[in-house]
Amino acid sequence: MIWLTWRQLRLSALVVLTTVACFAIALAATGPQLANMFAEAPEDFFDQLGIDDTKQALFDFGTGLVYAVPALVGVFWGAPMVARELEAGTHRLVWTQSVTRTRWLATKLGLTALAGLAAGLVGLALTWWCAPIDDAIAGGYSEGGMLLTVPRLNPVLFGARGLVPAAMTLLALALGVTAGLLLRRTVAAMAVTLVAVVGLQVALPQLVQPHLGDPVALDQEISEETIRGIMAGGGPGSGPGPFQRLEADLEKPGAWLLSQQTVDPSGAVVDEFPAWTTDCGGGRDAMAACLDRLTDEGYRQQMTYLPASQFWRIQVLETAILVLLAGGLTGFCFWRIRRDL
Amino acid sequence: MIEFHLDGRSGVAPYQQLVQQVRRALRLGILREGDRLPTVKEVVAHLAINPNTVSKAYRELELEGLVSARPGVGTFVTRTLADNTLAAHGPLRTDLERWLAKARRAGLDEESIEAIFDSTFRSALREDTA
Amino acid sequence: MSTVIRSAGLGKKYRSRWALSDCSLEVPSGRVVGLVGPNGAGKSTFLNLAVGMLAPSAGEIEVLGERPTGRSAPRTRVGYVGQDTPTYAGLSVADHLRLGAHLNPGWDETQARQRVARLGLDPKQRAGRLSGGQRAQLALTLGLAKRPELLLLDEPVAALDPLARREFLQDLMEAVAEQDLSVVLSSHLVSDVERACDFLIVLVDSRVQVAGDIEELLGSHLRLTGPRRDPATLPAAQEVVTASHTDRQSTYVVRTDAPVLDPAWEVSRLTLEDLVLAYMSRQALARADARPSLEALR
Numbered sequence: 001m002i003w004l005t006w007r008q009l010r011l012s013a014l015v016v017l018t019t020v021a022c023f024a025i026a027l028a029a030t031g032p033q034l035a036n037m038f039a040e041a042p043e044d045f046f047d048q049l050g051i052d053d054t055k056q057a058l059f060d061f062g063t064g065l066v067y068a069v070p071a072l073v074g075v076f077w078g079a080p081m082v083a084r085e086l087e088a089g090t091h092r093l094v095w096t097q098s099v100t101r102t103r104w105l106a107t108k109l110g111l112t113a114l115a116g117l118a119a120g121l122v123g124l125a126l127t128w129w130c131a132p133i134d135d136a137i138a139g140g141y142s143e144g145g146m147l148l149t150v151p152r153l154n155p156v157l158f159g160a161r162g163l164v165p166a167a168m169t170l171l172a173l174a175l176g177v178t179a180g181l182l183l184r185r186t187v188a189a190m191a192v193t194l195v196a197v198v199g200l201q202v203a204l205p206q207l208v209q210p211h212l213g214d215p216v217a218l219d220q221e222i223s224e225e226t227i228r229g230i231m232a233g234g235g236p237g238s239g240p241g242p243f244q245r246l247e248a249d250l251e252k253p254g255a256w257l258l259s260q261q262t263v264d265p266s267g268a269v270v271d272e273f274p275a276w277t278t279d280c281g282g283g284r285d286a287m288a289a290c291l292d293r294l295t296d297e298g299y300r301q302q303m304t305y306l307p308a309s310q311f312w313r314i315q316v317l318e319t320a321i322l323v324l325l326a327g328g329l330t331g332f333c334f335w336r337i338r339r340d341l
Numbered sequence: 001m002i003e004f005h006l007d008g009r010s011g012v013a014p015y016q017q018l019v020q021q022v023r024r025a026l027r028l029g030i031l032r033e034g035d036r037l038p039t040v041k042e043v044v045a046h047l048a049i050n051p052n053t054v055s056k057a058y059r060e061l062e063l064e065g066l067v068s069a070r071p072g073v074g075t076f077v078t079r080t081l082a083d084n085t086l087a088a089h090g091p092l093r094t095d096l097e098r099w100l101a102k103a104r105r106a107g108l109d110e111e112s113i114e115a116i117f118d119s120t121f122r123s124a125l126r127e128d129t130a
Numbered sequence: 001m002s003t004v005i006r007s008a009g010l011g012k013k014y015r016s017r018w019a020l021s022d023c024s025l026e027v028p029s030g031r032v033v034g035l036v037g038p039n040g041a042g043k044s045t046f047l048n049l050a051v052g053m054l055a056p057s058a059g060e061i062e063v064l065g066e067r068p069t070g071r072s073a074p075r076t077r078v079g080y081v082g083q084d085t086p087t088y089a090g091l092s093v094a095d096h097l098r099l100g101a102h103l104n105p106g107w108d109e110t111q112a113r114q115r116v117a118r119l120g121l122d123p124k125q126r127a128g129r130l131s132g133g134q135r136a137q138l139a140l141t142l143g144l145a146k147r148p149e150l151l152l153l154d155e156p157v158a159a160l161d162p163l164a165r166r167e168f169l170q171d172l173m174e175a176v177a178e179q180d181l182s183v184v185l186s187s188h189l190v191s192d193v194e195r196a197c198d199f200l201i202v203l204v205d206s207r208v209q210v211a212g213d214i215e216e217l218l219g220s221h222l223r224l225t226g227p228r229r230d231p232a233t234l235p236a237a238q239e240v241v242t243a244s245h246t247d248r249q250s251t252y253v254v255r256t257d258a259p260v261l262d263p264a265w266e267v268s269r270l271t272l273e274d275l276v277l278a279y280m281s282r283q284a285l286a287r288a289d290a291r292p293s294l295e296a297l298r
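Chains as they are written, first to last, in full-length UniProt numbering: chain H, 1 to 341; chain D, 1 to 130; chain S, 1 to 298.
Think of the hints as simulated: they come from the structure by calculation, not from any bench.
No residue lacks a Cβ here, since even glycine has one placed at the ideal position from N, Cα and C.
Mixed in with the good hints there might be a few duds.
[Stated by the list, open to error] Some chain S residues judged to face chain D by a derived CB distance under 7 Å, without partners named:
#1 V32
#2 L169
#3 Q170
#4 V176
#5 A177
#6 D198
#7 A211
#8 E215
#9 D274
[As the list claims (entries may be wrong)] Quick partial rundown of chain H residues pointing at chain S, CB under 8 Å, derived from the structure:
#10 M1
#11 L4
#12 G89
#13 Q97
#14 S98
Chain H on its own, in the form it takes in the complex (with noise of 0.2 Å):
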């Protein structure tokens, strides 16, 4: 059973093991490099990162092919292995050895889940490789603008690092089985298999991530050197108008803001600023009088964010739930190939 797992999947796993092994190497030797340019010159570190090509590849490559792994392992290892035997009708030469098909169906999922697995672990390597950026992000040292300086803890990289992608790529595989076992034709199942995979990374960190962790809420003084953004004015062509919305920044390294809002000193979330802030447009001093009348009058802006320091536990989680779900499926599949097919 081992050596047909070995025989049905060796094309494809050389592939992409050989892949995520090539960019384990290149993580390995560029890695205490970039770990010394940020001991050496910490303030100087994303600069020289900006003009350094080949590492603003390698996290550029490496944030995709992380992303990536869990869609290929679940479209072409998890959605073939049941759908192509179904299509073909090889199900029943296979399930009429000796073997049961419990047995088969235990064998397959199990050795391509180890390696799927080892492919989902370059996650971590990434996350090793990335320290000295996270490091540097934390520490303040970032101006932004760069997908690089981004925190891990953003929806946009966290699915690519520590122990998510590894978990990812397993449900990927679970999911993938899961859909050729029900819709019993390889393509359909790739198919469906890919959208679901895609779906859940991007739907995964909007929904559920920020409710893994637990929101700090802050009262942030409004003034010049806090607001970020300004919306004003009226409906269009109906010239100047109020404030509409303020916006500050978030002055936590590392930390994912999750929603921010102007209260007023009641309390109350603002709806409509007062009318006099309709003045405000007259110049760089005009504005910074106006944001301080603002404070004066109890103004404040309140922001929730998820502090840098709850990455791991928010990771856990995650992973915690994608395993649990995986594992779900996994028992669905094994329920399900018991029964006629």
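Given chain H, put chains D and S in place with the hints provided.
Relative to chain H, chains D and S alone:
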């Protein structure tokens, strides 16, 4: 060595066809005492028939005392049916050929010749048994 | 006579359609059994139930004394060659043998290799590039080298040309002569399996129409032709299978163990194909009989 064949339309059971073919071969001198019959496996591989059919035919031949099976070696012919009559075959055939020529001269076609032979053969048999 | 397969009230339902219902039959051991019936009679479903690919919806089935879907299912003792003889297109002939060796504890490597060599198959050839006949031979090799006590073949020759069909059956019969095994072979054509089998089960609409030793069946079925006669006047020992009448003449197919002595009858033997067709048309008539009552209501 004899090669068997089967006629699917004859209505005669396959094992009986095998028995008849051995008997005919013995009668015509194609098979002689001491000859080995093909093994069950050989017949089966050749004709794509059930091995039990071949075994049954060989058992019947053995019961008739025409062949004997030596385990592990094969089935061998022990007796021939040709001994006394073989010499008479030639003159009989010449007579028959002469009769056939006469029939053709009388204007009988093949079908009529077959019919007259068949009916005479059958009625003669009936008289014999009666 | 011991049995290798025994089913009682066996039924299988797909969604709302019964593919097999109330099927009770016994397959004797040590025989080459032809399971013959028209398409849709439930032959495939029956074999799939016997090999444990499907679980019964009703009734029960025992194969070599065990339930095929149970914990002690006789997996190592039953070989199966599926319809259209599936093989892995991407795997070579040698790979298939390795597959068999890895997946079966009782695998007979020597036999498998010898068979492949004798069939003239190139071990390096991919199964996807084999002809239909060669693929069937490869599937049969897998089924035989497992050294089963019972080999089930689901329409193995249906898709083959006459030559490949012949070669496949020659090969199968040779294996039966060599190994001590029971075989069940399904087909919708009697002529395919006539010579290879020594026991026949005719299945129509899930029902066993007739089952028995082929020679006994041929010996006990007769066609009687003569002046028109009511079936009620036939002796009780003559079981009527089919009857057809013209104004003056009656033709019966009867099953009887005693000789027919009535001089009014012209008696002739049946070929196996005629015999099977007689039983099939009887079932078709029974079905037609069940319907007119509905039509009469309209």
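Status of each hint after checking the structure:
{"no.": "1", "hint": "V32", "result": "5 Å, holds"}
{"no.": "2", "hint": "L169", "result": "4 Å, holds"}
{"no.": "3", "hint": "Q170", "result": "4 Å, holds"}
{"no.": "4", "hint": "V176", "result": "6 Å, holds"}
{"no.": "5", "hint": "A177", "result": "4 Å, holds"}
{"no.": "6", "hint": "D198", "result": "5 Å, holds"}
{"no.": "7", "hint": "A211", "result": "16 Å, violated"}
{"no.": "8", "hint": "E215", "result": "6 Å, holds"}
{"no.": "9", "hint": "D274", "result": "10 Å, violated"}
{"no.": "10", "hint": "M1", "result": "6 Å, holds"}
{"no.": "11", "hint": "L4", "result": "6 Å, holds"}
{"no.": "12", "hint": "G89", "result": "4 Å, holds"}
{"no.": "13", "hint": "Q97", "result": "4 Å, holds"}
{"no.": "14", "hint": "S98", "result": "4 Å, holds"}
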